[in-house]
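Chemist: This is what each chain is made of:
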Amino acid sequence: MIRLEQATKFARTRGIKKPILNEASLVLQRGRSVGLLGRNGAGKSTLLRLIAGTIRLDSGRIIRQGRVSWPLGFQGSFQGSMTGEQNVRFVARIYGVDTRQLIDYVQDFAELGPFFQAPVSSYSSGMKARLAFGLSMGVNFDYYLVDEITAVGDSNFKKKCQEVFRTRLQSSDVIMVSHSTSTILDYCDCGVVLEGGKLTYYDDVQDAIKAHKNNMKGS
Amino acid sequence: MNPFVTHYRVVGALLIREMEARFGSKPGGYVWALLDPAAHIILMTLLFQAIARAPALGTNFPLFFATGYLGFQFYQAMVSYVNGAVKSNRTLLSYPNVAPFDAVAARAILQSLTTALVACIVLGVILAYMRVPPTLHWAPILEAATVASILGLGIALINNVMFLKYPLYEQLFTIVNRPMFLISGVFFLPDAIPLPYRDIVLLNPLVHVTMLFRTGFYDGYRAAGLDPVYLYNFAFLTLFLGMTLFTFSSSLLRNE
Chain Y
0 MIRLEQATKF ARTRGIKKPI LNEASLVLQR GRSVGLLGRN GAGKSTLLRL IAGTIRLDSG
60 RIIRQGRVSW PLGFQGSFQG SMTGEQNVRF VARIYGVDTR QLIDYVQDFA ELGPFFQAPV
120 SSYSSGMKAR LAFGLSMGVN FDYYLVDEIT AVGDSNFKKK CQEVFRTRLQ SSDVIMVSHS
180 TSTILDYCDC GVVLEGGKLT YYDDVQDAIK AHKNNMKGS
Chain U
0 MNPFVTHYRV VGALLIREME ARFGSKPGGY VWALLDPAAH IILMTLLFQA IARAPALGTN
60 FPLFFATGYL GFQFYQAMVS YVNGAVKSNR TLLSYPNVAP FDAVAARAIL QSLTTALVAC
120 IVLGVILAYM RVPPTLHWAP ILEAATVASI LGLGIALINN VMFLKYPLYE QLFTIVNRPM
180 FLISGVFFLP DAIPLPYRDI VLLNPLVHVT MLFRTGFYDG YRAAGLDPVY LYNFAFLTLF
240 LGMTLFTFSS SLLRNE
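In order, the protein sequence lines correspond to chains Y and U. According to numbering that gives the first Met the number 0, the first sequence is numbered sequentially starting from 0. According to numbering that gives the first Met the number 0, the second sequence is numbered sequentially starting from 0.
Any given hint could be a false lead.
[To be verified] Stretch-level coverage of chain Y by chain U, calculated; a stretch enters the list once three of its residues show a Cβ under 8 Å from a Cβ in chain U:
#1 58 to 71
#2 76 to 83
#3 93 to 103
#4 161 to 167
[To be verified] SDA-like, lysine to any residue: derived pairs with alpha carbons at most 20 Å apart:
#5 U:Lys164 x Y:Ile102
#6 U:Lys164 x Y:Arg13
#7 Y:Lys16 x U:Leu251
#8 U:Lys25 x Y:Pro118
#9 U:Lys86 x Y:Ile15
#10 U:Lys86 x Y:Thr53
#11 U:Lys164 x Y:Glu84
#12 U:Lys86 x Y:Gln100
#13 U:Lys25 x Y:Lys17
#14 U:Lys86 x Y:Lys16
#15 Y:Lys16 x U:Ser248
#16 U:Lys25 x Y:Ala10
#17 U:Lys25 x Y:Thr53
#18 U:Lys25 x Y:Ala117
#19 U:Lys25 x Y:Glu84
#20 Y:Lys17 x U:Leu112
#21 U:Lys164 x Y:Thr82
#22 U:Lys164 x Y:Ala10
What the hints contain is simulated information worked out from the structure, not anything from laboratory work. No residue lacks a Cβ here, since even glycine has one placed at the ideal position from N, Cα and C.
Could you put the whole structure together from the sequences, leaning on the hints where they help?
Modeler: See the structure below:
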């Protein structure tokens with residue numbers, strides 16, 4: 000379960016203070032995958048980072064029960080000077096996972112060939128996405144935070160992602176940000192719309208998409 | 000999960016990553032960490048042997064420079080390496096369980112171990128080649144090394160924040176820190192400076208580091224003006240300031 004209580008967060012740039020979350024409360028139950036919808040710049044990615052815990056709220060609190068992944072973006076959180084393998088090894092160490100097993104899994108999944116032993120800075124964005132996705136699937140999380148990652152890669156890779164993801168989702172949940180409603184429909188059971196600093200929960204993902212489309216029409 | 004276990008794990012992982020990055024990227028690897036200070040000491044020895052007959056203390060040039068340089072190095076190497084700890088590990092901070100302080104801790108541990116190892120080897124070689132090796136007093140040696148490292152860590156903590164916040168400060172710090180090598184008693188004795196000026200020189204805490212370090216090697220060295228209390232106060236106050244600033248700047252360090 001993930002619970003937001005009176006969560007408030009402002010985005011600050013050069014004196015402009017824009018609320019991303021304004022005393023928003025939300026409960027996400029275990030066993031339901033959530034699609035996060037909202038207009039461009041509403042703060043969906045920031046919300047994911049807040050849930051992950053890499054940034055902090057200005058006030059209020061977030062309670063997490065279960066292992067929450069880092070936010071999976073298509074850029075990945077890789078150190079460019081380290082090789083793919085070193086990055087994987089690093090993640091295995093910080094999460095206390097068996098190193099050898101994770102390396103084998105990711106190597107097999109990401110299909111990077113000899114590039115697995117090359118610095119990540121030499122990767123294309125597709126290669127980074129493959130590594131990022133493989134890596135996160137290799138570590139067992141209760142919640143996967145996904146930021147548009149499934150939008151990258153060719154059709155073969157997408158299919159493979161879907162298959163792995165589906166098996167993972169039998170025991171784990173996903174909190175997903177995507178601009179593609181079809182992706183959200185594919186993976187999510189329920190939806191949350193972020194609009195004007197408020198979070199609205201919809202038990203049916205269809206309703207969430209409808210509400211989101213309404214918001215977009217209104218402006 | 001127990002937060003201590005997480006930090007322990009993360010610092011361990013960062014330590015390995017830093018070692019790979021620092022020593023694994025070029026041929027020779029760890030040897031360079033040793034060769035660099037050794038070359039400095041040899042160079043200084045050759046230079047000053049040409050100018051003077053005997054060092055300011057004792058008769059052995061290499062020992063005189065090595066004791067000054069290595070004592071100073073506990074501070075200098077710490078600062079220059081830990082300064083960029085957060086900056087160069089920034090992408091890894093996007094993992095929720097990696098805290099900015101972990102990056103600092105990993106580099107500080109690696110650097111103090113490296114400097115200690117280098118000091119042992121370089122000084123060990125010099126002492127082994129001396130005809131009458133001096134009796135070592137370990138207490139002041141360890142004391143000086145520890146306090147110098149703490150001072151270096153404190154300054155580095157401040158710099159990690161300030162370099163990110165004010166890029167101009169980085170330039171200023173480099174300009175101010177560079178002559179430290181010259182005024183910290185590495186190749187002169189502060190005791191020998193006439194009085195009104197000596198008090199000014201003694202304001203620099205690093206002078207006390209080199210003096211304290213040398214008292215462990217030179218039996219007859221009186222170290223006039225050495226004030227360990229001043230050194231301790233300065234180092235711990237800096238560390239406290241650094242930790243406070245670092246703690247309150249977590250959002251800046253996390254690249255929010």
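Chemist: Each hint: holds or not?
Modeler: Outcome of the hint check:
Chain U is given as covering the stretch 58 to 71 of chain Y, and this holds because 3 residues of the stretch bring a CB closer than 8 Å to a CB of that chain, at least three being needed. Counting residues of the stretch 76 to 83 of chain Y whose beta carbon lies closer than 8 Å to any beta carbon of chain U gives 6, which meets the minimum of three for the stated coverage. With 3 residues having a Cβ less than 8 Å from any Cβ of chain U, the stretch 93 to 103 of chain Y passes the three-residue criterion, so the hint holds. Only when three residues or more bring their CB closer than 8 Å to a CB of chain U does the claim for the stretch 161 to 167 of chain Y stand; here the count is 0, and the claim is violated.
The suggested pairing of lysine 164 of chain U with isoleucine 102 of chain Y is violated, with an alpha-carbon distance near 37 Å, which exceeds 20 Å. Taken as a hint, the lysine 164 of chain U and arginine 13 of chain Y pair is honoured in the structure, with Cα atoms around 14 Å apart against an allowance of 20 Å. Simply put, lysine 16 of chain Y and leucine 251 of chain U have alpha-carbon atoms about 16 Å apart, close enough for the 20 Å limit, and the pair holds. For the suggested pair lysine 25 of chain U and proline 118 of chain Y, the alpha carbons sit about 15 Å apart, so the restraint of at most 20 Å is met.
Between lysine 86 of chain U and isoleucine 15 of chain Y the CA atoms are separated by roughly 26 Å; this puts the pair beyond 20 Å, and the hint is violated. This hinted pair checks out: lysine 86 of chain U and threonine 53 of chain Y have alpha carbons roughly 16 Å apart, not beyond 20 Å. For the hint pairing lysine 164 of chain U with glutamate 84 of chain Y, the CA-to-CA distance comes to about 33 Å; that exceeds 20 Å, so the pair is violated. A hinted pair counts as satisfied when its Cα atoms are at most 20 Å apart, and lysine 86 of chain U with glutamine 100 of chain Y does not qualify at roughly 31 Å.
A C-alpha spacing of about 47 Å is found between lysine 25 of chain U and lysine 17 of chain Y, which places the hinted pair above 20 Å, so the restraint is violated. In summary, the hint linking lysine 86 of chain U to lysine 16 of chain Y is not supported, as the alpha carbons are separated by about 26 Å, beyond the 20 Å threshold. Among the hinted pairs, lysine 16 of chain Y with serine 248 of chain U is consistent with the structure: their alpha-carbon atoms are about 18 Å apart, no more than 20 Å. As the CA atoms of lysine 25 of chain U and alanine 10 of chain Y are separated by approximately 42 Å, the hinted pair breaks the 20 Å bound.
For the given pair, lysine 25 of chain U sits about 33 Å from threonine 53 of chain Y by alpha-carbon distance, which is inconsistent with the 20 Å threshold. As the CA atoms of lysine 25 of chain U and alanine 117 of chain Y are separated by approximately 15 Å, the hinted pair is consistent with the 20 Å bound. With a C-alpha separation of about 19 Å, the suggested pair lysine 25 of chain U and glutamate 84 of chain Y falls inside the 20 Å cut-off, and the hint holds. Between lysine 17 of chain Y and leucine 112 of chain U the CA atoms are separated by roughly 46 Å; this puts the pair beyond 20 Å, and the hint is violated.
At roughly 30 Å between alpha-carbon atoms, lysine 164 of chain U and threonine 82 of chain Y are farther apart than 20 Å, so this suggested pair is violated. Between lysine 164 of chain U and alanine 10 of chain Y the CA atoms are separated by roughly 18 Å; this keeps the pair inside 20 Å, and the hint holds.
Of the hints listed earlier, those the structure fails to meet are numbers 4, 5, 9, 11, 12, 13, 14, 16, 17, 20 and 21, in rising order.
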